Every structure is written in structure tokens, then in C-alpha cells.
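**Q** As a plain string of letters, each chain reads:
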Amino acid sequence: MISLTDVSKAYSSSVSIGPVSVDIDAGGITALVGPNGAGKSTILTMIGRLLSLDSGRIEVAGHDVVNTPSKAIAKIISVLRQENHFVTRLTVRQLVSFGRFPYSKGRLTLGDEKYISEAIDFLDLTDLEDRYLDQLSGGQRQRAYVAMVLAQNTDYVLLDEPLNNLDMQHAVAMMKQLRRAADELDRTVVIVLHDINFAAHYSDRILAMKDGQVVEHGTPAEIMRDDVLTRVFNTDVQVVPGPNGPLAVYY
Amino acid sequence: MTSTLRQDIAYTSRDILVDEQRSRRRPLLTPSFLLAVVVTLGLLAASLLVGQFDVFAEGNFWMFGITRIPRTVALVLAGASMAMCGVIMQLLTQNRFVEPTTTGTTEWAGLGLILVMWLAPTASLLARMSAAVAMAFLGTMVFFLFLRRVSLKSSLIVPIIGIMLGAVVSSFTTYLALMTDTLQTLGIWFQGSFTGVIQGRYELMWIVLAVTVLVFLVADQFTAAGLGKDMATNVGLNYTLVLFMGTAMVAVATGVTATVVGTLPFLGLVVPNIVALFRGDDLRSNLPWVCLVGISTVTLCDLIGRLIIAPFEVPVSMVLGLVGGIVFIGLLLRQRRKGGLVT
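Protein sequence lines, in the order shown, are assigned to chains A and B.
According to the working numbering, the first sequence is numbered sequentially starting from 225.
According to the working numbering, the second sequence is numbered sequentially starting from 8.
Don't take each hint at face value.
One side only, chain A facing chain B, incomplete, derived with CB under 8 angstroms [stated by the list, open to error]:
id, residue
1, G272
2, K295
3, S302
4, L314
5, T315
6, F325
7, P326
8, H425
9, G442
Quick list of the computed label-pair ranges, beta carbon to beta carbon [as the list claims (entries may be wrong)]:
id, chain 1, residue 1, chain 2, residue 2, range
10, B, L133, A, N291, 40 to 48 angstroms
11, B, A217, A, H441, 50 to 58 angstroms
12, A, G261, B, L329, 48 to 56 angstroms
13, A, Y475, B, L340, 43 to 51 angstroms
14, B, A134, A, S276, 35 to 43 angstroms
15, A, G261, B, T187, 53 to 61 angstroms
16, A, D435, B, L340, 43 to 51 angstroms
17, A, G261, B, L42, 55 to 63 angstroms
18, A, H441, B, I336, 52 to 60 angstroms
19, A, R449, B, L340, 52 to 60 angstroms
20, A, T333, B, V46, 28 to 36 angstroms
21, A, L275, B, G207, 51 to 59 angstroms
List of simulated lysine-lysine pairs, DSSO-like, C-alpha gap at most 27 angstroms [to be verified]:
id, chain 1, residue 1, chain 2, residue 2
22, A, K338, A, K295
23, A, K400, A, K338
24, B, K236, A, K295
25, A, K299, B, K236
26, A, K299, A, K400
27, A, K329, B, K236
If you are wondering where the hints come from, they were derived from the structure by calculation, not from laboratory data.
Note that this is a predicted model, so its numbers are computed, not measured.
All residues carry an ideal CB built from backbone N, CA and C; glycine is no exception.
Work the whole structure out from these sequences, hints included.
**A** In C-alpha cells form, the structure reads like this:
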């Protein structure tokens, strides 16, 4: 379980996040949704200890993310930020193998190689594993990053807008793969999503944020309601029944 | 905990076979690597044999030990270590154009040398070297901290700022040298050259060997740091510690080389980029290549410098500057063609 207690972060006197207190259950996919600037990414990166807290406390599976050594956290939580630009020229397999860094410190064992191969196969990158990242399309590169955090074999996987830059086909494929990671590999996935319909269809819980506060937290059925969505997104939203569940219509 | 349970899966022999075939480490002893070793050894042999003094004449062999061997050892250590410094700095800054001479590191080392000459003219070579190392560390940290404070839109701005910083430092050094009548010493130092690297002077270069070995041991941490602070932290790396460690290694290698040889411009820029071009950036499997290409480049440039106006010598820094400049421009043009990669 991820548990936040009075977590706050101030960017400036006018922009601040929190205090947020919320418990995210272990297992399944939890989607963080909300308008731009609501604090979704801030909360996610603070859970992943990439950003310091101004006050409050975050515990993941009983470990305080601030006080627990970073090396130990790396075996419990993996976190992927939205922008991953680097000039280092690595192949897909070399990148994914860094997911094993917390365990092997770079000296890969056969067990590590197996995890790496599994993660690569899981994201359908088998044929691309020896290609350099700069030779891949944006969607393929995004899958390689996700393969890296899956190879890290942590119970908790935090992803900041992994559907960014993905077309319809690849966005759906990515969500299906994350669904499988949650169901088959028993991971707890927390994911920032922009598209409420993706969140409703693929996640088990939706956590809606607005102005630095958590305003709604519930199952997709509880969140997919005209009044709730209209309030969260400051836009008139109508929820209509679709062939595969409710759909939010806002245009 | 489930994560530890998941690690206890037993592997069948077939799985292991498949995984060995898919391992990310490419074999090192390929024909091309052996060829590179042979070429490097050939160049080193040439370095041992080339010179005006006939060491093989009757009773002349003592000169071989005094000049030729020290010079060649220094070529090996300086070439390998400066090339590695380039790789480390490029990974830590995530910038392809960074190396000790484009970040002001060598200029800071020069300032350290002049400061000691000014404050303690009788100081030993070891004391001068320590000052060079200390100032190189300070200067590189200043540069790195500056880079972390400001996010630069274009990667090309980074070496420009580094070169500007270096110019400011070196003008201060020149002023100090003018005041203390050591301008000539400074001039000789700035022209990196292996001419004066003889017995009694080259021994300090062995310190660099220790740095080189250390880089081999922690190579993966530098590659992980090259993925950026967030990714490195995600896999449990102490990014700040790695940054300090890398800076210290670069400072020691640059400071020692600056004291014994002088500046070796562009070496740390040219070698890593050439190696990355055909082998990517996985530091640990690349290090032997980086060392070999570094050694060959500096030895070849030194040989050119020794032969081109024989019986006189052109400083190796001039040859390196020329070769490095051409490769630098070539890299810029290539990146422009590929589009967008520069930013």
C-alpha cells in the first residue's frame, strides 16, 4: 500500500501542492487524473523519491521513501518520468539491463539476463533489442523505458504519462501490457493519464486531483459520472454508455 | 515479499542457453579489437624507435631507458586517461562536446601550477601537481554546479560556456605569469609536448594508471549516471556521489597530465565520439576501445610531431588541435545532417 500523510510541496507562494493524505491500495492499476497543473506528476515523483517533500510523510509497503536508503527503495519502487531525453547511445537491451542495476550493480548474472529477456519479450521488443534507442520511433522508445522499469522487478511501478506521444494503436497496446503486468506479474501500477476514457477502461481505481488536492478517489464506476467529472475538469462532461463501458464526452 | 519469491524461479538449461546468446555484452576479443591492439603496439614500437639519437649504436643504449621508454609510457598513460576523462565528463554532463579542454578543467590546472610557482618557487614537482589537481577539481565542480543550475536549450552552449570560463581562468593565469616573470614557462606548458618527458619526470604519470583502473571498476555507475539524475536515482544510484567521484577522477588525471605533459586538446572529445559512433555508449564494454583509440591517437600525433620537421619537434598539442578541430567540425556537421540531435 502507498500511503501519503499530509504531503505538501510549495513551488512558489502561489503554486503549492497539498496537504495530501491518501492511501493507494496495493495491486491493480491506479490512475491519477486531473487538469494540467493539478499536481499529478508532482505527487508521483515524490512517491518515487525523485522530488523532496516540504512536509508530510510517504510510505510505500511500510517503507518511508525519504528515510529508506535509495538502493533499497530501488527494489520496491520503480518510477519513470515523462521526459527521458539523454544523449547516451545505448541499445534497447543495454537500457533494459539497467533495470537490474539495483540487484547486480552492472555485473549481470544469468538470472538478471532472464529478467531482461522477459521484460523485452513482454513489451514486444524482441526483434528490436539490439537496435540503438536513437534508431527507434517514439512509441518503441517509450516501450523500451517501460521494459526497463519492469525488469527492475519492483512491486510498485510508477509511470508519468506513458501514453504521451503514442498513437491510438500504441496507446492501447501499452495499456494492455500494463494491465497484464498488473494481473500476471502482480505489480501495483500507478499511472498519470490524461485521457479519462483510458483511465476508466483500464484502471481499477481513479484518483482525481485538482489545484494540488485529491478531490475524488474511487472505482471507475464511481468517478465516471457527469457531476464528478465536470467538477474535476472544469468542463462540461457527459458520461454516455459505450460498447465497452461508460465514455466521457466533453467536446 | 513477492519480489524475492519471483527471483527464486528455477531456470531450465535451455533458458540459460538462450539468455547467454542474448546477453548485452558483446565479445571483446573480436578480430577488429585484435587488429586495434596490433596497430597500437606497432605505433608504440615506432615511438620507441623513432628519434635523432641512434640508441642502437655501440654504447648508446642507456638513452633508451632515459628518454624513449619514459616518453612511450607517458604516451600510453596520457592517451588512455585523457580519453577516459572525456567519456566520464560526457556521461556526467550528458553532452557530447564536453572534455577537460572544453570545460576549463585544464586551464584551472594551469592556474594551480602558476600559483605554486608564484607562492613557492622551490616547490617539488609533486607539490605543483597536487595544486594542479586541486584547482582542476575546484574548476570542474564550479562548471558542473553551473550546469545543474541553468538548463541550457542547446548542447552546443555548454562547451562554449566552458571554453569562455577557461579563457577567463587562463587570462588570470597569464596575468600572474606576467607579474612573476614566468610567462615563458607558461607558454611551454600550454604547448603540451612529450619532448621533455624523461626519466625523473614521467614517474608521476603512474598515478594516472590508478585512476584508469578505478574507472574500469565503477564504469557501470557512470553509464547509469549518463541516463540522467532521475533514471539514475530510480535504479538506486547516489547521483551526487557519482558526480563527485567522476570529477575527482577527471581532476587527478587532468592535473597529473597537465603537470607532466601539458594540455592535450580535443583528445577527450575525439576518442569517445569515434568509439560511440560504432559501438554505442555502454562504458564498461567500451573502455578497452576508448583506451586503445586514445593511446593510438596521441601516439600517432606525437610521431607526426616528431617526424614532420625533424630533427626538430612540433608539440603534440598542435597536431592534436589540428586533428581534433577537424573531427569536432565533422561531428557538428554530421549531427546537423541527422537533424535535431544537437539540442
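**Q** All the hints need checking, so say for each whether the structure fits it.
**A** Against the structure, the hints:
Satisfaction of the interface hint for G272/A is found here, the shortest Cβ-Cβ separation to chain B being roughly 7 angstroms, below the 8 angstroms cut-off. Satisfaction of the interface hint for K295/A is found here, the shortest Cβ-Cβ separation to chain B being roughly 4 angstroms, below the 8 angstroms cut-off. Hint on S302/A holds. Least Cβ distance to chain B is approximately 6 angstroms, under the 8 angstroms limit. Against a cut-off of 8 angstroms between C-beta atoms, the interface hint on L314/A holds, since the closest Cβ of chain B lies about 6 angstroms away.
A least Cβ separation of about 6 angstroms between T315/A and chain B falls short of the 8 angstroms threshold, and the interface hint therefore holds. Taken as an interface hint, F325/A checks out: its beta carbon lies about 4 angstroms from the nearest beta carbon of chain B, inside 8 angstroms. Checking P326/A against chain B: minimum C-beta separation of about 4 angstroms stays under 8 angstroms; hint holds. Proximity of H425/A to chain B is violated relative to the hint, the smallest CB-CB distance being about 26 angstroms (cut-off 8 angstroms).
Checking G442/A against chain B: minimum C-beta separation of about 26 angstroms lies over 8 angstroms; hint violated. A C-beta distance of roughly 44 angstroms is found between L133/B and N291/A, which places it inside the suggested range of 40 to 48 angstroms. Between A217/B and H441/A the beta carbon distance is about 56 angstroms. The supplied range of 50 to 58 angstroms therefore holds. Checked against the given bound of 48 to 56 angstroms, the beta carbons of G261/A and L329/B, roughly 53 angstroms apart, stay inside it.
In this structure, Y475/A and L340/B meet the distance hint of 43 to 51 angstroms, their C-beta atoms being roughly 46 angstroms apart. Taking the beta carbon of each, A134/B and S276/A are about 42 angstroms apart, inside 35 to 43 angstroms as hinted. At about 58 angstroms, the beta-carbon gap between G261/A and T187/B stays in the expected band of 53 to 61 angstroms. For D435/A and L340/B, the hinted distance range of 43 to 51 angstroms is satisfied, since their beta carbons lie about 49 angstroms from each other.
Our hint of 55 to 63 angstroms for G261/A and L42/B holds, since their Cβ atoms are close to 57 angstroms apart. Checked against the given bound of 52 to 60 angstroms, the beta carbons of H441/A and I336/B, roughly 57 angstroms apart, stay inside it. A hinted range of 52 to 60 angstroms holds for the C-beta pair R449/A and L340/B, which are about 58 angstroms apart. The hinted range of 28 to 36 angstroms is satisfied by T333/A and V46/B, whose Cβ atoms lie roughly 35 angstroms apart.
For the hinted restraint 51 to 59 angstroms between L275/A and G207/B, the CB-CB distance of approximately 54 angstroms keeps it satisfied. Our distance criterion of 27 angstroms between C-alpha atoms is met by K338/A and K295/A, whose separation comes to about 21 angstroms. Only pairs whose Cα atoms come within 27 angstroms are accepted, and K400/A paired with K338/A is accepted, the gap being roughly 22 angstroms. The hinted pair formed by K236/B and K295/A meets the criterion: a straight-line CA distance of about 14 angstroms does not exceed 27 angstroms.
Distance hint between K299/A and K236/B is fulfilled; the C-alpha atoms sit about 18 angstroms from each other, no more than 27 angstroms. Among the hinted pairs, K299/A with K400/A is consistent with the structure: their alpha-carbon atoms are about 24 angstroms apart, no more than 27 angstroms. For a cut-off of 27 angstroms, the pair hint linking K329/A to K236/B stands: about 17 angstroms separates their Cα positions.
The structure does not agree with the numbered hints 8, 9 stated previously, though it agrees with the rest.
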